[in-house]
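Participant: Chains A and B, in that order, give the protein sequences.
Residue numbering for the first sequence follows the working numbering, starting at 1405 and increasing by one per position.
Residue numbering for the second sequence follows the working numbering, starting at 23 and increasing by one per position.
Take these hints with a grain of salt, some might be off.
Stated by the list, open to error - Partial chain B-side listing against chain A, Cβ under 8 Å, derived:
(1) V198
(2) G275
(3) T278
(4) N329
To be verified - Quick list of in silico lysine to any residue cross-link-like pairs, SDA-like style, CA-CA up to 25 Å:
(5) B:K171 - A:I1417
(6) A:K1534 - B:I267
(7) B:K226 - A:S1605
(8) A:K1534 - B:R63
(9) B:K226 - A:P1648
(10) B:K171 - A:R1411
(11) B:K201 - A:I1425
(12) A:K1407 - B:I176
(13) B:K171 - A:Q1419
(14) B:K119 - B:R310
(15) B:K240 - B:E253
(16) A:K1618 - B:R344
(17) B:K226 - B:W247
(18) A:K1534 - B:T319
(19) B:K201 - A:V1429
(20) B:K53 - B:R344
(21) A:K1534 - B:V323
(22) B:K248 - B:G170
(23) A:K1534 - B:L268
(24) A:K1629 - A:F1523
(25) A:K1534 - B:R344
To be clear, the hints were calculated from the coordinates, so they are not data collected in a lab.
Here the structure is a predicted model, which means the values were calculated and not measured.
Heads up, the beta-carbon is just placed ideally off N, CA and C, and yes, glycines get one too.
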Amino acid sequence: MWKTVLRRLLTMIPQIILLSIIVFVVAQNMPGDPFTGMIDPNVDPAQIEALREAAGWNDPVPVQYVRWVGNVLQGDFGRSYAQQVPVTTLIGGRAANSLRLGIVSTFFTYLIALPFGMFAGRFNNSWFDKFVMIYNYISYAIPTFVLALLMVFIFGYRLGWFPTFGSKNVTMTAGTAEYYWDMFYRLLLPGFTGGILGTASTTQTLRSEVIDAKTQDYVRTARSKGVPEGKIYAKHIFRNALLPIASSFGFIFSSLLSGSVFIEQIFAFNGMGDLFITSINGRDYSVVITLTLLYGILAIIGSLISDIALSLADPRIRID
Amino acid sequence: MDRNDDKLKKTAVIEGASESEELSAPPMGFKVIVREFLKDRVAMIALIILVLILLTTLVWSLRLDANAVMQVDILRNFEKPVEFEWGLIADAWNGEKTLIFGADDYGRDVFTQLLLAAWNSIIIAVAVTSIIATIGISLGLIAGYYGGKVDNAIMRVTDFVMTLPTTMIIIVFMVVVPKVTIPSFVFIMSVFSWTGYCRVVRSKSLSESSRDYISASKTMGTPTWKIILLEMLPNLSSLIMVQLILSYAGNIGLETGLTFLGYGLPEQIPSLGRLVSSATTPYNMEFRTWVWLPASTLILVLMLSINYVGQALKRASDAKQRLG
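Required output: the full structure, derived from the provided sequences and hints.
Facilitator: Structure follows, in structure tokens:
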């Protein structure tokens, strides 16, 4: 298996190079640059030109690309022109926020999906099963931004249970217990929204696995041994039904860091998705390129992790 | 029902795993679909709602002039909805500005915008779906029919496109395009979304291409294009139809989502995403619900009913899951 993993990692390299070329060339063609809007009209155009020259934007694109790759290989992803900090610092801070949100979302996903899937499968065709099926349809079909807006509207504005925007309360002093509690509290609503969106496939898989397992021989054996019904489900069936869910690990991994553009926009949450939109609007190339590349790499690694997790969980599945 | 499932499974086991596909996917007749819808009342309601939305928006979009509806009237910005009367709908039908759902930030009538916007979304999603289906199905058929090196090459490209962060790349491209029009938007959305079709069609046609009827046709000297289009494709039709409907719903979501973020349809074209995006201002969200709530609800209803109809069709194409 490790041979396969190594081969997959090696095939990643041309993919990433191709992705970086596409993103780099396209980003270079974006209209305007960070200097367009920021320098007031009284400044001598020659000075802007000098700044552009100094930044190397007048060189041909291939030259710029090679220079950029050289820098990236040394760990230098450039500076954000809009915020005047290194891209890595900027992304690092945002990634921490997205990671927190991702963890809370994942927690909610499993908190909802595991009991829903288990009980809907155990009591299939009951009213609870029907409720879960309807819930599943809705959570699968609803677009992210519609759900996020409705959540903010209902729980934020109408009921007033949660703050409606931001990841931090800037008036509080950092480091106090109150500050951390506030930060956590602000994660709940966006995290719950993200969690709901992730449940459909897990619930569905778990439910059909449990329904399948019900008639299997090992369950009949357990029953005839006199194992209590609750224990059969909790120990025997649950374990086996979890196997196919292992494949979602990779997806979770890549979504943990990348965050969601929609959720972060609507909750005004300072994560990676929000940074991406801000950078696009500010024509902050170095950030856009690095982010897109990062997302691509995360997706590739994520799909690899899925395959590995699946083959570890179920020895019958071999990847090669 | 459980017992029936069991029986089917046992026969499948007896006949060998490779044969089980045949059991689960018999040709999908029109009768089977009708029976499925009659049996599943919710799917029937979803279908009726869908047809109603389609007809209403189609008729109104023929009747209304988009330029007149999108005429800026700054004095009436965010005007509240008037009290509802049936007569108002008739007035709106005659092209009057009735403000049944009030006015948006530029004083434009939300009700008529909504109808035009829904029709735009429906049409754009049809365009995107047909383009990506054509690309994906052709590549999938070719990869599956020839197998080997051709298959390898096509799947490499597909895997690469699949790992691309689609939403981000589309946004980057939308910024680069000098002038955003409906065709350029449709084109950019389609370039990165065909991979699902390719994978689904390829895996099915790989197993199909080793069947006897294909070998028989080859021996008889039937031209390759005839084998692929007239013999293999019909056997994949039920699979493709389900994929078409589910991806159609996805494309409506993608289009409205991108327009919501501001990287979709241009300002002067009525769009659901733009109406919803007015909710990003806290004041609008809390006190001017008439601008964004109807559009959000319409998107939700549209997505739910399309998905429900799609799921019913999916069940109809799979004998094991059928209700009727």
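Participant: Between A:K1534 and B:L268, is the straight-line Cα distance small enough, at 25 Å or below?
Facilitator: Given pair A:K1534, B:L268 holds - Cα atoms ~21 Å apart, limit 25 Å.
Participant: Has the given pair, B:K201 with A:I1425, been kept, meaning a C-alpha gap of at most 25 Å?
Facilitator: Distance of about 24 Å is within 25 Å: holds.
Participant: Hey, A:K1534 versus B:I267, does the alpha-carbon distance stay inside 25 Å?
Facilitator: holds (23 Å)
Participant: Holds or violated: is there a CB of chain A closer than 8 Å to the CB of B:V198?
Facilitator: Holds, because the Cβ-Cβ distance from B:V198 to chain A comes to roughly 5 Å (cut-off 8 Å).
Participant: Please verify whether A:K1534 and B:R344 have alpha carbons no more than 25 Å apart.
Facilitator: holds (16 Å)
Participant: With 8 Å as the cut and Cβ atoms as the points, is B:N329 at the interface with chain A?
Facilitator: holds (4 Å)
Participant: What's the verdict on B:K240 and B:E253, does the C-alpha distance respect the 25 Å limit or exceed it?
Facilitator: With a Cα-Cα distance of about 11 Å, the restraint between B:K240 and B:E253 holds, given a limit of 25 Å.
Participant: Given the hinted pair A:K1407 and B:I176, is their Cα-Cα distance within 25 Å?
Facilitator: holds (24 Å)
Participant: Take a quick look at whether B:K119 and B:R310 sit within 25 Å of each other, Cα to Cα.
Facilitator: holds (18 Å)
Participant: Below or equal to 25 Å on CA atoms is what counts here, so check A:K1534 against B:T319.
Facilitator: Measuring from Cα to Cα gives roughly 23 Å; hence the hint holds.
Participant: Check the hint pairing A:K1534 with B:V323 against an upper bound of 25 Å on the C-alpha distance.
Facilitator: holds (19 Å)
Participant: Please verify whether B:K248 and B:G170 have alpha carbons no more than 25 Å apart.
Facilitator: holds (21 Å)
When each numbered hint is compared with the structure, no violation occurs for any of them.
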